[in-house]
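Novice: Residue numbers (my numbering), protein chains in the order written: chain A, 4 to 344; chain B, 4 to 344.
The hints are simulated quantities; they were obtained by calculation from the structure and are not laboratory data. Where hints are given, some of them may not hold.
Copies of the same chain look alike in the list, so a pair counts if it fits in one copy or across any two.
[What the hints assert, rightly or not] Using 30 Å as the maximum straight-line C-alpha spacing, the simulated DSS-like pairs for lysine-lysine come out as follows:
no. : residue 1 : residue 2
1   : K45       : K96
2   : K329      : K245
3   : K245      : K221
4   : K166      : K121
2 protein chains.
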Amino acid sequence: MKKTDSGFEAINLGHGSGGVMTRDLLDQVIFRILGNELLDKKHDGSVVQFEGPMAVSTDSFVVSPIFFKGGNIGELAVHGTVNDVAMCGAVPKYLSLAFIVEEGLDMKEFVEIVESVKRAADKSGVQIITGDTKVVERGKGDKIFINTTGFGEVHPRANIAVKNIREGDKILVNGPIAQHGMAIMSEREGLEFESAIVSDSTNLNDLVLKLLDEFGDKIHFLRDPTRGGLASVLSEIAVDAKVGIEIFEEQLPLEKQVAAACEMLGLDPLYVANEGLFAVFVDPEIEQEVLELMRHESSGQLATRVGEVTSTHRGKVVLHSEIGGKRIVTPLIGEQLPRIC
Amino acid sequence: MKKTDSGFEAINLGHGSGGVMTRDLLDQVIFRILGNELLDKKHDGSVVQFEGPMAVSTDSFVVSPIFFKGGNIGELAVHGTVNDVAMCGAVPKYLSLAFIVEEGLDMKEFVEIVESVKRAADKSGVQIITGDTKVVERGKGDKIFINTTGFGEVHPRANIAVKNIREGDKILVNGPIAQHGMAIMSEREGLEFESAIVSDSTNLNDLVLKLLDEFGDKIHFLRDPTRGGLASVLSEIAVDAKVGIEIFEEQLPLEKQVAAACEMLGLDPLYVANEGLFAVFVDPEIEQEVLELMRHESSGQLATRVGEVTSTHRGKVVLHSEIGGKRIVTPLIGEQLPRIC
């Protein structure tokens, strides 16, 4: 196996000591790949200018396996937090980045993850401004966990709040559901399909920015249904906004292979995690314009309406099935797919 | 064992699902204990107002054991990041808080940790504004890891930068060294002393604020020597600032019991982690005033000078030993005490 510049084939406890080995790892991997004016100061923190309302979100990523079709834990950690900041109606600007590495992680894998972080951050237009690296003993972690905390400027025309959701709002999504969860599950279960199921992991901030630029406060609410899937997130929103939500099975965008994989594993795609999907609640008068805008963007080509907000059955989500039935969609109770993000 | 309100004696994978169990854990433990106007919105992120230069720092905490004399991982996670923000010359305002819990963690311990987070945040004057909870399978983590990311306003009179360190600067510390590391090691090794060695874990932002209010840019540099201890941090600073640093063994504040424990375990206290200690580089003309101010504060009662900056032996730290010798203090190479913070 080729050694990295640092001369180590694997991360060991010394890399988390705070001493020379930590510094070498930072210099030879992290600063080399991610280096920018702020990180290069090598202080324990960074100073940036910030004016106005700031959206902040944090997430720890524990996905397993750490490499999967369509991505890896590094880019997922960037996309996940960038998207959470965007869902606040904000333009993500900066990220912090903290690793908890299990002793023995292949240095090449670590380098590849840091490189993915860099690419995803560049694509999302955010800067990594401060970080941390800890190492735990073999068997006390699982390869690598990553925390990112992101902050961004709230868009001047945005007014995203659960209280703005009202009867008649249309609920649109930017693409097919359940891609990420089923990509991970296929890896874990070793399922083979005609073509691989690929995670939808991507940054959504570009598309959200265009929506806010164009439609301002007619965008009432944004949310990316990650863990728990679309069903859990819509159920939460129905409770928090004290509205009813109706969704239509025939409108739910679902790739054939993903549907097949779900069926094979006995999973309901409504509860499966997404990483590049968001639901947007809009004023009904702009529905068509929003869909048109979304469909012109790479992350929204398959945008479609999935449901609407009603004043009946408040606090509940009702699914209209393809065969004409109706059922209440409950949120996920326990665990369906652990460590999906 | 008494069940908690949530009805579960231990954290399980369902608590990390993003579904109903996650929501219950949030409502019954996290929001109940930490709840504030921002967290109560239960969005994936929070929006706060911010104006001007902002200091940001992130740290993941993996200390083992998670409870130790003088603290636990919860308060450590608050103090550590609050202090890193303060070391940038800033007043910490907000924290994010992300848990990675190993399946099986006793719910009472989790509650106790969250309560400690709350107390430490209140004492430090910071608000927890957003968070995340993930659960990993038994054997894929180690009870609990915590990431905090902190944000603070840079003090208007602060100018903390390694380039401001100059020849003649005095290096002061606020108290005895090696307390935290030896408190953890005593727990791990089951050492018994006449009285227990207690971690120095505390928030330093109050004291730093007083120093900046009083002395402004005559405070040239601040740094808290956590992992790697005072030796590693001063060595890094000597390199980064391109100055020489001299420290005097007889001036190093070290409690008798800590010295005894270090000797017993063959550890050099200069390399042992601290969690409530900081080194401040000051203009020599204010040395006495700074020491006096520090000694009036609870976290600085044993403040003392430990060294000074010279123009000789640039990039190196030289220790003057009690018996009149001199030796170069090298930074820690590998790992001395894994998972000390």
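Novice: All hints, please: hold or fail.
Specialist: Hints, verified against the model:
1. K45 / K96: both (20 Å within a copy, 22 Å between copies)
2. K329 / K245: Close inside one copy (20 Å), not across copies (72 Å); limit 30 Å.
3. K245 / K221: within (19 Å within a copy, 56 Å between copies)
4. K166 / K121: between (36 Å within a copy, 28 Å between copies)
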